[in-house]
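For reference, the chains in residue letters:
2 protein chains.
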Amino acid sequence: MAPIVTSRSSSLSAARSSAVRSVRSARGVARSSRSSPRVSAATTIAPASTELATQCINAIRFLAIDGVEKANSGHPGLPMGCAPMSFILWDEVMKFNPKNPDWFNRDRFVLSAGHGSMLIYSMLHLTGYDSVAKEDLMSFRQLDSKTPGHPENFMTAGCEVTTGPLGQGICNAVGLALAEAHLAARFNKPGCEVVDHYTYCIMGDGCNMEGVSGEAASLAGHWGLGKLIVFYDDNKISIDGHTDISFTEDVSARYAAYGWHTQHVEDGNTDLEGIRKAIEEAKKVTDKPSLIKVSTIIGYGSPNKADSHDVHGAALGPDEVAATRANLNWNYSEFEVPEEVSGQMDKSEKGAALEAEWEATLAKYEKEFPEDAKVFKQLISRELPAGWEKCLPTYTSEDKGIATRLHSQTMLNALCEVLPGFIGGSADLAPSNMTLMKAHGDFQKDSPAERNLRFGVREHGMGAICNGIALHNSGLIPYCATFFIFTDYMRGAMRVAALSEAGVIHVMTHDSIGLGEDGPTHQPIEHLASFRCMPNMLVFRPCDGNETAGAYKVAVERRNMPSTLALSRQGMPNMDTTSIAGVEKGAYVVYGVAAGESCDVILIGTGSEVEMCVDAAKELEGEGKKVRVVSMPCVELFEEQSADYKKSVIDPSVSAIVSCEAASSFGWGAYSNAHVGIDGFGASAPAPALYKKFGITVEAVVAAAKSL
Amino acid sequence: MAPIVTSRSSSLSAARSSAVRSVRSARGVARSSRSSPRVSAATTIAPASTELATQCINAIRFLAIDGVEKANSGHPGLPMGCAPMSFILWDEVMKFNPKNPDWFNRDRFVLSAGHGSMLIYSMLHLTGYDSVAKEDLMSFRQLDSKTPGHPENFMTAGCEVTTGPLGQGICNAVGLALAEAHLAARFNKPGCEVVDHYTYCIMGDGCNMEGVSGEAASLAGHWGLGKLIVFYDDNKISIDGHTDISFTEDVSARYAAYGWHTQHVEDGNTDLEGIRKAIEEAKKVTDKPSLIKVSTIIGYGSPNKADSHDVHGAALGPDEVAATRANLNWNYSEFEVPEEVSGQMDKSEKGAALEAEWEATLAKYEKEFPEDAKVFKQLISRELPAGWEKCLPTYTSEDKGIATRLHSQTMLNALCEVLPGFIGGSADLAPSNMTLMKAHGDFQKDSPAERNLRFGVREHGMGAICNGIALHNSGLIPYCATFFIFTDYMRGAMRVAALSEAGVIHVMTHDSIGLGEDGPTHQPIEHLASFRCMPNMLVFRPCDGNETAGAYKVAVERRNMPSTLALSRQGMPNMDTTSIAGVEKGAYVVYGVAAGESCDVILIGTGSEVEMCVDAAKELEGEGKKVRVVSMPCVELFEEQSADYKKSVIDPSVSAIVSCEAASSFGWGAYSNAHVGIDGFGASAPAPALYKKFGITVEAVVAAAKSL
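Here the protein sequences line up with chains A and B, keeping their order. Numbering-wise, the first sequence is residues 1 to 708 according to full-length UniProt numbering. Numbering-wise, the second sequence is residues 1 to 708 according to full-length UniProt numbering.
Treat each hint with caution, since some may be false.
Stated by the list, open to error - These stretches of chain B come out as covered by chain A in the derived footprint (C-beta under 8 Å, 3 or more residues):
id: 1; region: 147-155
id: 2; region: 235-245
id: 3; region: 421-429
id: 4; region: 452-458
id: 5; region: 480-493
id: 6; region: 519-533
Hint data in this document are derived by calculation from the structure and do not stem from the laboratory. By construction, the Cβ of each residue, glycine as well, lies at the ideal position given by its N, Cα and C atoms.
Chain A with its partners taken away, still in its complex shape (with noise of 0.2 Å):
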């Protein structure tokens, strides 16, 4: 699961089709005003006639059925019905180099609807990508194939993200355009327009019935993001059956309503002329997000199957692949391309040619503007500017102790100072979240230069939105706040963004029962073992300023990882002995005997508690015992060290190991033998009447020693 390096092409010598040279000129045109509509490369280029475009389409339905057929398994409804469209989008309208799928300037596409994965797959193979070639098709759904179930960012070149989970993928196709509107206003210069792509996305019913896809949908109305379009697959099939049983509502009306442009294409299975002029329309609205609803048969050209549930998530067997190839009049075998087809939709000297042309804007933005080029290839480098973590501060016990949300405050607006990709926000609490930038306004339709992004209370949104913005893969590196419990609202976007190595940072505050009277419903208890017993996602627990500090380096430096930073209402000492350098290991020493002493109790806290096992060490300490506190404001980190330094810290063999954590028990049973916390629920009330109720006290964390 390694990320996908693919190498960026530098070569400026490809040949250049005579379509493309003559798109050089129209561009040439449109690009003095951004609010104009665009004239994109593939627009002007003359369509492949009727005959040639069904043969294409075609091709991909029957790619997709064939590797749904070999795998027996998936979903080749989708793809059949959302074939032409498809076609329009990467044959005529799309801008890409398939040779070099990490091309900055590409068009963004998002199949929303993930499981039709064998769209996806059959585009990129037919377009020219190296990533699906054709026995990667038919190994599709194989172990360690290219071609998962799902797209896979980190698998397949080509995938933008990771779709799957229904909802999601409209959501990173919102943070893909958002991420393109803002860096196009914070460098784009009149006639140099070194950003300048459109988002495209195809969503379907099962999408649209998701609630995090309208969070998102409302956001990129109130932003005004002109430049994503949207297709909504409106095929009316889901897996229960028609979705008359179950979704009624009127989809277009709904997405007018967040202030989208919408448009309906009646056929979207043969009226190929409505699709393009939608896609035309849809660009000349350049201050709203598009919505196309096209209406498809669901399995088109399976004589039996279509417009039925049988044909969405099964292979649809021999005799209906034979019939369906009889219907459409398709004499090719499997997984066979007509020789046409590939020379229409071979996109590698188009994609080349379109490359070349944007090298040499940027070459022009280079040479008018070097210190906007400057900060804009460093950007989009990914490379983080050296030197950054000299921007953290340092804190001492003389340094007055506050609340590391309070820290976090500190740590943001330091490091949007050195990390020009540095973007995020808060779902609707910002003056609680401590997330805002000072040096920064926000972002809006008006003013997408901003870097503060105000995302409403909309959790899970957020959290996908985010996911789009990190695989933009510019340099961006966002953030986004809320309450630690509202975790529980955006947990399905967090978890893509693990998956797909998304580097989000999670600023997760009031993050135990110390935040006090807003009580249980506020308060979260088994929140961190949630997240620790989740893959490649680092969770944090600061417990003063040099670890919120620590935490942030790590969560900067860690771009295929995302991390949670769990941090306090409540105020805490700053500690002499905590630093950064121990953060990265995870978990160190902060007080009493040295690492790979001998000692007779290890207590262990993290965040709020560990001034609790301070104290309570010294309160040991005065009965003559030997003591050692550890601070672990990482496990994940904690678990990459060596076996030597674990030991070292946390030696297994001391019997008296008391973990305290305002938090649940689960999982300290690998560290601890006992634990402080708390394993119900919180309550509603001053946050001191409440850690004496659940008995989280000194008293608690030197009786827990004691009776080992």
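Assemble the complex: chain A is given as a structure, and chain B must be docked to it using the hints.
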């Protein structure tokens, strides 16, 4: 946190006010047709004079102001703005008996914007509920008070559900309205409507931003829940400031797109007649839920803080409280309620009369429809029918091994025959989750008496709606289903189920990498651990038919505790040694050395890995080891057992204890010395290939045991 038990008044002797008497004859006219507008008891009562109404409204405002001020914590702004609509609702419209908060036929009220909890506490106090006395208002947000930071049904009689996490309440309201519509359709007879109440809800901007509310609203529109009336408190302020920074969509148009009837009261601060009329109009529309957008000023009356986020979530401060008293001409001391206000708002007499009226209807129903009455009374008693559990089948190794999702289907179909309150469905995965009750049709707008719910792809809304159904407290036992992985989408609702003691049964299939080709987006890894650490949630992973029966037995019995069943896609054999009684103990011996006897090796398995442990045990026995295999379908139930029992099954002094579960090792350290599982993400391939790739094999279990 024990459930509140309120005495169920059976007294019919309460004095009836003449107002109520006059109502009864009015009701008789309208009662004959379900589709005609209801004339409720309340609407025909002459409303308070404008002056008295203003006094009452200000009383609500100042109780909220004073409560927050005394706690120096809380949210005064919403109660101050929503006091007028709340007054009309509780004083004139709603049907309830404050002296019997559990009266079955009461109208339900949900404050979805739960942070405004002082509003509901003020209403309960003013209308005569015993649960909120003046002292309770004075101990707002203090330890063990009846007035916690957010409304909690398990703490305060009169609070129907637990709100605070935004968006949950409106979904609960949809569930409450669904429960009413379903029971009304099943039990009401012409002229004898024993089920007949409205569900009212106040939601704010935050609730409307959350995607989960959109999911439930779309379903409410689809289902045509005409007796659901929702006020949208449009105050344009959220924590980050004015809603125009993140929320500029047309909410009413969106609800209209969902199929709702929508209205707008432009001045919700003073136009009481407008509020009255809107409610009347809403009641006239019987085939659509109603949204009444009420534009209000947050913190109405506060001269310096109204209409700003300063008044949202903090005490006004003594100066501003004084200024507000002066501004609204409120010459009463803290927590003082003028006599004329108490006289107007106390609904004890009216409530008793309403309940008595209903009791008379019920008596008539019993006489005329004795069979129906028997079922109805049994249902709303919330007691399970005697001997219900006998419907659960048992299996032996002779029975063909199948997937536990198929056993689950058997159980659901058996249970719905004996439990008249069994109702539920899936989030568009019925054919995969195997959750259809074959003897029943779909609950739809034109068939509300049916019991299969079709939630569409709306997991979070599904969970929250089921919480509402459960907390209707009318004997309905809701279940809901999706793939186990998508609990990530609905965790917010599942946690509220656990906290609010809603006995929802979560049927979660495709429980591990065993689902195969769909790949890591669909394969749960950390999910078992993530729910085992959640308080008050039972997690079951049965290994065969007997254990699936056992899981359902406990899940149905525990009406104050939600359950999550993790069920397999793939088949597994039935065992002779498994049993319902074993499941009830959480973990028990299914092979080898009996409980309490000495052994060399203990192998602990769950679900599909129990078979693997038995095979490993046989291999180890071949090498002369004494081995015990423990099946552990429910960790939480095991933890409820005596220390002796626990030791007899899993004796920690045995040095070789190996657990095996195709899932995260997190948390297993509490029981085993080694774990055979998977701590990274899964992959897309046929299941057997995945088990091999990730090393979850008999050989691995044997090797782990030997290494210890």
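At least three residues with a C-beta closer than 8 Å to a C-beta of chain A: is that true for the region 452-458 of chain B?
Result for this restraint: holds, n = 5.
How does the coverage statement for the region 480-493 of chain B fare against chain A, requiring three or more residues with Cβ below 8 Å from a Cβ of that chain?
holds (count 6)
Per the coverage rule (Cβ-Cβ under 8 Å, at least three residues), is the region 421-429 of chain B covered by chain A?
Check passed, 3 qualifying residues.
Outcome, coverage hint (the region 147-155 of chain B, chain A; C-beta under 8 Å; three residues)
holds (count 4)
Just to make sure I understand the rule, a stretch counts as covered if three or more of its residues have a C-beta closer than 8 Å to a C-beta of the chain. Does the region 235-245 of chain B meet that for chain A?
Contact hint for the region 235-245 of chain B vs chain A: holds, 5 residues under 8 Å.
Within 8 Å of chain A (C-beta), three or more residues of the region 519-533 of chain B:
That given contact holds, which follows from 10 residues of the region 519-533 of chain B lying within Cβ reach (below 8 Å) of chain A.
The structure agrees with every numbered hint stated previously.
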